[in-house]
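Engineer: With the hints as your guide, set chain B onto chain A.
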Amino acid sequence: MKLVAVTSCPTGIAHSEMAAEALETAARSKGHELHVEVQGAAGSPPLEPSLIAAAEAVIFAVDATVRDVERFAHLPKVEVRTRAAIDRAGQIIDQAVAAAEQAPAREGAPAAASGDGDHDVFGAVTGRGGSRGEEVRRWLMTGVSYMIPFVVGGGILIALSFVVSPGETGVVEVTEHQLFVAGEGVQWPGDLGVSFTTWLGVLLITIGGTAFSMLVPILAGFIAFAMADRPGIAPGVVGGLIAVQVEAGFLGGLVAGLAAGALVNLLKRVPARGTIKRMMPILVYPIVGTLAIGVLMFLIVGEPVAAANAALTDWLQGMSGTNQIVLGIILGLMMAFDMGGPVNKVAYAFGILAISAGEFQIMAAVMAAGMTPPLGMALSTVLRPRLYTTEEREAGEAAWVMGASFITEGAIPFAAADPIRVIPSLMAGSAVTAALSFTFNATLRAPHGGVWVIGIIGNWALYLVAIAIGTILTAVLVTTFKSMRKDEPTTPEVSAHA
Amino acid sequence: MTSITDLISPGLVTTDLAATSAAAAIDELAGLLEADGRVNDRARYVEAVLAREQETGGTGMGSGIAIPHAKTDAVTRAAVAFGKSTRGIDFGSEDGAAADLVFLIAAPEGDDDLHVRVLSRLARRLIHDSFRTALREADSPEDLVGIMQREVEL
Numbered sequence: 005m006k007l008v009a010v011t012s013c014p015t016g017i018a019h020s021e022m023a024a025e026a027l028e029t030a031a032r033s034k035g036h037e038l039h040v041e042v043q044g045a046a047g048s049p050p051l052e053p054s055l056i057a058a059a060e061a062v063i064f065a066v067d068a069t070v071r072d073v074e075r076f077a078h079l080p081k082v083e084v085r086t087r088a089a090i091d092r093a094g095q096i097i098d099q100a101v102a103a104a105e106q107a108p109a110r111e112g113a114p115a116a117a118s119g120d121g122d123h124d125v126f127g128a129v130t131g132r133g134g135s136r137g138e139e140v141r142r143w144l145m146t147g148v149s150y151m152i153p154f155v156v157g158g159g160i161l162i163a164l165s166f167v168v169s170p171g172e173t174g175v176v177e178v179t180e181h182q183l184f185v186a187g188e189g190v191q192w193p194g195d196l197g198v199s200f201t202t203w204l205g206v207l208l209i210t211i212g213g214t215a216f217s218m219l220v221p222i223l224a225g226f227i228a229f230a231m232a233d234r235p236g237i238a239p240g241v242v243g244g245l246i247a248v249q250v251e252a253g254f255l256g257g258l259v260a261g262l263a264a265g266a267l268v269n270l271l272k273r274v275p276a277r278g279t280i281k282r283m284m285p286i287l288v289y290p291i292v293g294t295l296a297i298g299v300l301m302f303l304i305v306g307e308p309v310a311a312a313n314a315a316l317t318d319w320l321q322g323m324s325g326t327n328q329i330v331l332g333i334i335l336g337l338m339m340a341f342d343m344g345g346p347v348n349k350v351a352y353a354f355g356i357l358a359i360s361a362g363e364f365q366i367m368a369a370v371m372a373a374g375m376t377p378p379l380g381m382a383l384s385t386v387l388r389p390r391l392y393t394t395e396e397r398e399a400g401e402a403a404w405v406m407g408a409s410f411i412t413e414g415a416i417p418f419a420a421a422d423p424i425r426v427i428p429s430l431m432a433g434s435a436v437t438a439a440l441s442f443t444f445n446a447t448l449r450a451p452h453g454g455v456w457v458i459g460i461i462g463n464w465a466l467y468l469v470a471i472a473i474g475t476i477l478t479a480v481l482v483t484t485f486k487s488m489r490k491d492e493p494t495t496p497e498v499s500a501h502a
Numbered sequence: 005m006t007s008i009t010d011l012i013s014p015g016l017v018t019t020d021l022a023a024t025s026a027a028a029a030i031d032e033l034a035g036l037l038e039a040d041g042r043v044n045d046r047a048r049y050v051e052a053v054l055a056r057e058q059e060t061g062g063t064g065m066g067s068g069i070a071i072p073h074a075k076t077d078a079v080t081r082a083a084v085a086f087g088k089s090t091r092g093i094d095f096g097s098e099d100g101a102a103a104d105l106v107f108l109i110a111a112p113e114g115d116d117d118l119h120v121r122v123l124s125r126l127a128r129r130l131i132h133d134s135f136r137t138a139l140r141e142a143d144s145p146e147d148l149v150g151i152m153q154r155e156v157e158l
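Each protein sequence line maps, in turn, to chains A and B. Counting in this note's numbering, the first sequence runs from 5 upward without gaps. Counting in this note's numbering, the second sequence runs from 5 upward without gaps.
None of these hints come from the bench; they were simulated from the model. Wrong hints could be hidden among the right ones.
What the hints assert, rightly or not - Listed next, with one range per pair, are the computed distances between beta-carbon atoms:
| hint | chain 1 | residue 1 | chain 2 | residue 2 | range |
| --- | --- | --- | --- | --- | --- |
| 1 | B | A22 | A | E74 | 46 to 54 Å |
| 2 | A | P49 | B | Q153 | 21 to 29 Å |
| 3 | B | D20 | A | R71 | 38 to 46 Å |
| 4 | B | G150 | A | T484 | 52 to 60 Å |
| 5 | A | Q106 | B | A22 | 45 to 53 Å |
| 6 | B | S25 | A | T279 | 55 to 63 Å |
| 7 | B | D10 | A | F302 | 53 to 61 Å |
| 8 | B | E157 | A | A107 | 37 to 45 Å |
All C-beta atoms, glycine included, are put in the ideal place defined by N, C-alpha and C.
Next up, chain A with everything else stripped away, as it sits in the complex (with noise of 0.2 Å):
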């Protein structure tokens, strides 16, 4: 589990650093990650932001009142003197930690944060730390958890926009009205000609778009925040959005936050002083780093993805008439690789061109490789909670409504935070899915919609039974690739102190 503790005593030399280090040496031995900001004459520099705000709990060994305290309200908190924290750390890091135990959940709050502060340009691996590849981890999932909360908003909002509004017609309908047009304002069920149901699917689809529309600029966002701090969230969201600008989606987002909390790392080891030093946060890091984030979103990741994107296209045509298993297995493949990026767009842009030349078969086999991979990520989450966060676990169960309504996006916050073991396994779930769709002989005339367009798809039965062995597939191969991991952090009783 990961706690901060404040320690302070009038004097600041005794008591505070004792308790500070018996309430360290306490956690490691207990396999907790503890952080403590010492606020006495030595002292140690104010805990950092995500540090706090990855915290499950606080503790305060104090003899003085804790400066800033408004920091940790959020917290559950124990309160002790010093020598109680001095005379019995192990007690109180337990008091802690069920104080965090029988906390209610947050809403939001980041699983994970940055390492300990000693930030090298990719956050130096201390001594202190883990591994170089649980600090990225790390990395991941603060931009994740901060992520989780609009996928789940904007994912739930736009399956009931088809919930409201289901079948061919309805989602057709929802996802090609316009809601809010500027200069004339809300366009109501009358000025689009519409019914009211039909009317509220397009409000909820609006504003579930809305969110979506943030996911990558607040996952890269994030991630450059846990790496550089205050000062990365702003290169990072601008990377973010200009990798949905260049449609790189998720993928291109990972890009953007690394290079953004890289970027100001390196911004921050650039010696200066005086004013100039005072200028630095003020001016050079929103200024450089947002200007080099830019130009690397723009020039560098931008036009090969635009380029590979046209290619990608260009290449599936040529694969319409093949044999129709092997399309399934390409098209499940893409579908799953970056969910709602540019090889899934590619993918999802060639079921809708098949609609219109009258091939139905296509356009069910890419809906229900978009299924899957929420389904197959909730399922999983189900078989093996402990080897997910509390978040992920909230996360996998707005993933099942998700996955149902083929919104594809709900696997996102998993595929970011271990894209290593969770992409392949969802792409394997897809494309068995999608083949098994082809062979089934399933077919959808609507764009969207998943389970409720269900009256509307050919062989639905079978149908259901192809997204059901993927979702399997899905599940059981990524709960295999995560529990072959050797750490497994997410579990407090074995996570490392870093």
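Structural biologist: Quick look at chain B alone, frame taken from chain A:
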């Protein structure tokens, strides 16, 4: 680089405190600080330390450690005096055990410098059994200073 040797020397160490009460032990160790020129007003320094003892209900830590201390302008140079007591002295620790290792810390007012850092590092090391054991086993002031030096500067 500030080192522990700026803060403690064999002259500031006694292996056999004569005092049997906390106040007497503080005064006895303060005498060493005064003799070494670290404290210019022994009475006022001791008063500040005792006030701190009063305030916290005693600086006995359990495990036989006591760290009376004060930060006052009666201190001219940061220092720590160390005394071992064969009988043990009651510093009001919560576990009721007498302290046999007494560190008297003197910090000058407004001095948040490296000396304070070294003192806080020393305080941190005291949490660890191995350090306490080593201090208990050593029997000359020179050895004791050597142990602290090793422990704090690693």
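Engineer: Now tell me if each hint is right for this structure.
Structural biologist: So, going through the hints one by one against the coordinates:
no.	hint	result
1	B/A22 - A/E74: 46 to 54 Å	holds, 50 Å
2	A/P49 - B/Q153: 21 to 29 Å	holds, 27 Å
3	B/D20 - A/R71: 38 to 46 Å	holds, 42 Å
4	B/G150 - A/T484: 52 to 60 Å	holds, 55 Å
5	A/Q106 - B/A22: 45 to 53 Å	holds, 52 Å
6	B/S25 - A/T279: 55 to 63 Å	holds, 57 Å
7	B/D10 - A/F302: 53 to 61 Å	holds, 56 Å
8	B/E157 - A/A107: 37 to 45 Å	holds, 41 Å
Checked against the numbered hints given earlier, this structure breaks none of them.
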